[in-house]
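K.L.:
Protein chains in written order, with the numbering used here: chain L, 1 to 349; chain X, 1 to 252.
Worth flagging that the hints you see were computed from the coordinates, not collected in a lab.
Note that beta-carbon positions come from the ideal geometry of N, C-alpha and C, so glycine has one too.
The reader is advised that the hints may include incorrect statements.
[What the hints assert, rightly or not] Cβ-to-Cβ under 7 angstroms is the rule here; a few derived chain X residues that face chain L: (1) D88; (2) R248; (3) L251.
[Said to hold, decoys possible] Restraint ranges, calculated between C-beta atoms of paired labels, are given here: (4) X:F110 / L:F40: 37 to 47 angstroms; (5) L:M151 / X:R66: 27 to 37 angstroms; (6) L:I342 / X:P252: 36 to 46 angstroms; (7) L:R192 / X:E85: 21 to 31 angstroms; (8) L:M287 / X:R69: 30 to 40 angstroms.
[What the hints assert, rightly or not] Listed next, the stretches of chain L that the computed footprint assigns to chain X, with coverage defined by at least 3 CB atoms under 8 angstroms from CB atoms of chain X: (9) 230-237; (10) 284-293; (11) 312-319.
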Amino acid sequence: MTLIKPGMLPGWLFGVALKVTIIAVALVIGAAIGETRIPFETVLEVLANKMLGQTYPVDAIDQGIIWNYRFSRAIVAASCGAGLAVSGLVLQTLLRNALADPYILGISAGASTGAVAVTIAGVGGGLISLSAGAFAGALVAFAFVIGLARMANGFAATSAGLIILAGVAGAQLFSALTSLIIARSANAEQARGIIFWLLGNLSGVRWPDVWLATPVAVGVVLIIILYGRALDAFTFGSDAAASLGIQVKRTQFILIGASALVTAVMVSLVGAIGFVGLVVPHAARFMVGPRHGRLIPVTAVTGAVFLITADITSRIVIPGQVLPIGVVTALVGAPAFAFILIVKSRRLR
Amino acid sequence: MLAASQLGWTAGKKPIVKQVEISISKGEVFGLVGPNGSGKSTLLLLLAGLRTPSSGSVTLEGHDLRSLRRREIAQRIAIVIQQMETTDRLTVRETVELGRTPWLGPVSPFGEDDQRIVTEALTETDILHLADRTWQTLSGGERQRAHIARALAQKADILILDEPTNHLDIHHQLSILKLVKSLPITVILALHDLNQAMECDRIGLMEGGSLIATGEPVDVLTMNRIQQSFNVRMHSLADQVDGQTFLRFSLP
Numbered sequence: 001m002t003l004i005k006p007g008m009l010p011g012w013l014f015g016v017a018l019k020v021t022i023i024a025v026a027l028v029i030g031a032a033i034g035e036t037r038i039p040f041e042t043v044l045e046v047l048a049n050k051m052l053g054q055t056y057p058v059d060a061i062d063q064g065i066i067w068n069y070r071f072s073r074a075i076v077a078a079s080c081g082a083g084l085a086v087s088g089l090v091l092q093t094l095l096r097n098a099l100a101d102p103y104i105l106g107i108s109a110g111a112s113t114g115a116v117a118v119t120i121a122g123v124g125g126g127l128i129s130l131s132a133g134a135f136a137g138a139l140v141a142f143a144f145v146i147g148l149a150r151m152a153n154g155f156a157a158t159s160a161g162l163i164i165l166a167g168v169a170g171a172q173l174f175s176a177l178t179s180l181i182i183a184r185s186a187n188a189e190q191a192r193g194i195i196f197w198l199l200g201n202l203s204g205v206r207w208p209d210v211w212l213a214t215p216v217a218v219g220v221v222l223i224i225i226l227y228g229r230a231l232d233a234f235t236f237g238s239d240a241a242a243s244l245g246i247q248v249k250r251t252q253f254i255l256i257g258a259s260a261l262v263t264a265v266m267v268s269l270v271g272a273i274g275f276v277g278l279v280v281p282h283a284a285r286f287m288v289g290p291r292h293g294r295l296i297p298v299t300a301v302t303g304a305v306f307l308i309t310a311d312i313t314s315r316i317v318i319p320g321q322v323l324p325i326g327v328v329t330a331l332v333g334a335p336a337f338a339f340i341l342i343v344k345s346r347r348l349r
Numbered sequence: 001m002l003a004a005s006q007l008g009w010t011a012g013k014k015p016i017v018k019q020v021e022i023s024i025s026k027g028e029v030f031g032l033v034g035p036n037g038s039g040k041s042t043l044l045l046l047l048a049g050l051r052t053p054s055s056g057s058v059t060l061e062g063h064d065l066r067s068l069r070r071r072e073i074a075q076r077i078a079i080v081i082q083q084m085e086t087t088d089r090l091t092v093r094e095t096v097e098l099g100r101t102p103w104l105g106p107v108s109p110f111g112e113d114d115q116r117i118v119t120e121a122l123t124e125t126d127i128l129h130l131a132d133r134t135w136q137t138l139s140g141g142e143r144q145r146a147h148i149a150r151a152l153a154q155k156a157d158i159l160i161l162d163e164p165t166n167h168l169d170i171h172h173q174l175s176i177l178k179l180v181k182s183l184p185i186t187v188i189l190a191l192h193d194l195n196q197a198m199e200c201d202r203i204g205l206m207e208g209g210s211l212i213a214t215g216e217p218v219d220v221l222t223m224n225r226i227q228q229s230f231n232v233r234m235h236s237l238a239d240q241v242d243g244q245t246f247l248r249f250s251l252p
């Protein structure tokens, strides 16, 4: 294996190579760890067979577990982590609020409502896909939250605390709507499945999910990277951004749309996973500072690695049982967040 | 160069700026004075294209600002408004670098020229020694100078400043005003200190959203007008050192 050192490559290319390597390593670890013990060699052989056209003799069951179950799942976890983390970052920057994230602002709850409305209540008569329903729900929820915050603030600029309060109200409302739809329309079997899914769950994830999650996550991250300078310009608010030549409304429209899209797709695949969008951008800022050029890619990679790790943990922490991944992200995320806050405040002194 | 005609702006139903006619020439330093709430800040936002007029228009060399792209405006007009704050732990240099935004594409790297311009702006505003300090560690005056440096780094030919001497100690007040006057560009600034306004090439006096007088400072800041607009009595005195006149105020 060749080691890449700084200086051998232009800075940005080294950065890209490093990030790709980190994600690749995390994916391989995701494929290697699980309840069934499979030798690491076998894992590498399976991946080589599938991706590099090699023909190592491997047990078919092992191959199935590693390729169809764990590896696809790790890729979806990575996409989901990167997507949610970056949309949290975008919301934090555009709303200039350290507490903003798709979960807290009720966007995830709205996406859940949309998804449930389509699958259980049959809205759209089968013409609307689960993801489209989730996307519509996400946008409605976000519009509701922003609208509420603005009205409460007399149509002036939205203030920091109000938007979070409005988000909490929105999240509660849409969770209640979801429960209402489930209670009215679902049978017991469906209800159990849905409630497990709502907590965030990667169990049923297979390759077809990869083909939806990964292009959306990669696409959205790339779009947001292109808007890195624009996001920097929002540091001192939207008037300052406009005075620096940023088309504020268009930028907000595209970036919030992209965040809602990625949140909706991830919610439709794996349910509402909290804490990623909130914690990961702060962790990334802690590592590389507030400039978005560096911050966005680092947030994406950290989110990907965080969710792969959370998924592995959710699979092995209770033998014989899979914990909803949302439970793990909160269990890991909350102390991690506390740690960051404490270290950050120490550094300030 | 920059002109407003029949310019008005209302918040809800309340008119904030009313029928302003103004024409700023290239290279002049234009001061805007008036009591609190007279619409100075809003007029500056309108002139920078950051608010859309409710009536009338603002034109830059004959082009309505609404017909220009945001980026084109930002390359021509830089503005420092009040209360621009952040919770991000940005350094002073990073803040000033934001001024280069209108000149950079989404992926074009920050070049040597950009670095040089940023360093110049830091030097001109006397904050080069603070370049690596984070925003949260700065005093109000240092933040104000960082914002002015950011606007200078924008290399626009019109600079709009809303009370740039706010928060500054007397030394830095005088140096910012000296810097502003020495720049080879057009400057429009709102000022509270009428003695500082006397140093402008021309001034405009605002009252209740209207621009009630424009012209050379001595012609605009007459005893009667000051008494009417600000509700204070004014005397002008001659400085015994250099013979310049300065204004003294007292309550009526």
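K.L.:
Between the beta carbons of I342 (chain L) and P252 (chain X), is the distance compatible with 36 to 46 angstroms?
P.N.:
violated (58 angstroms)
K.L.:
Is the gap between the beta carbons of F110 (chain X) and F40 (chain L) within 37 to 47 angstroms?
P.N.:
Holds, at about 43 angstroms.
K.L.:
Do three or more residues from the segment 230-237 of chain L put their C-beta atoms closer than 8 angstroms to C-beta atoms of chain X?
P.N.:
Since 6 is at least three, the answer is holds.
K.L.:
Hold the hint about D88 (chain X) up to the distance rule: shortest CB distance to chain L must be less than 7 angstroms.
P.N.:
holds (4 angstroms)
K.L.:
With 7 angstroms as the cut and Cβ atoms as the points, is L251 (chain X) at the interface with chain L?
P.N.:
violated (34 angstroms)
K.L.:
Using the Cβ atoms, figure out if R192 (chain L) sits within 21 to 31 angstroms of E85 (chain X).
P.N.:
violated (49 angstroms)
K.L.:
Are there three or more residues in the segment 284-293 of chain L whose C-beta lies closer than 8 angstroms to some C-beta of chain X?
P.N.:
holds (count 4)
K.L.:
Any CB of chain L closer than 7 angstroms to the CB of R248 (chain X)?
P.N.:
violated (36 angstroms)
K.L.:
How does the segment 312-319 of chain L fare against chain X when you require at least three residues with a CB closer than 8 angstroms, holds or violated?
P.N.:
violated (count 0)
K.L.:
Can you tell me whether the CB distance of M287 (chain L) to R69 (chain X) sits inside 30 to 40 angstroms?
P.N.:
Once the Cβ atoms are compared, 36 angstroms apart, the range 30 to 40 angstroms for R69 (chain X) and M287 (chain L) holds.
K.L.:
When you take the CB atoms of M151 (chain L) and R66 (chain X), is the distance between them in 27 to 37 angstroms?
P.N.:
Holds - the Cβ-Cβ distance for M151 (chain L) and R66 (chain X), about 28 angstroms, lies within 27 to 37 angstroms.
The earlier numbered hints that this structure contradicts are 2, 3, 6, 7, 11.
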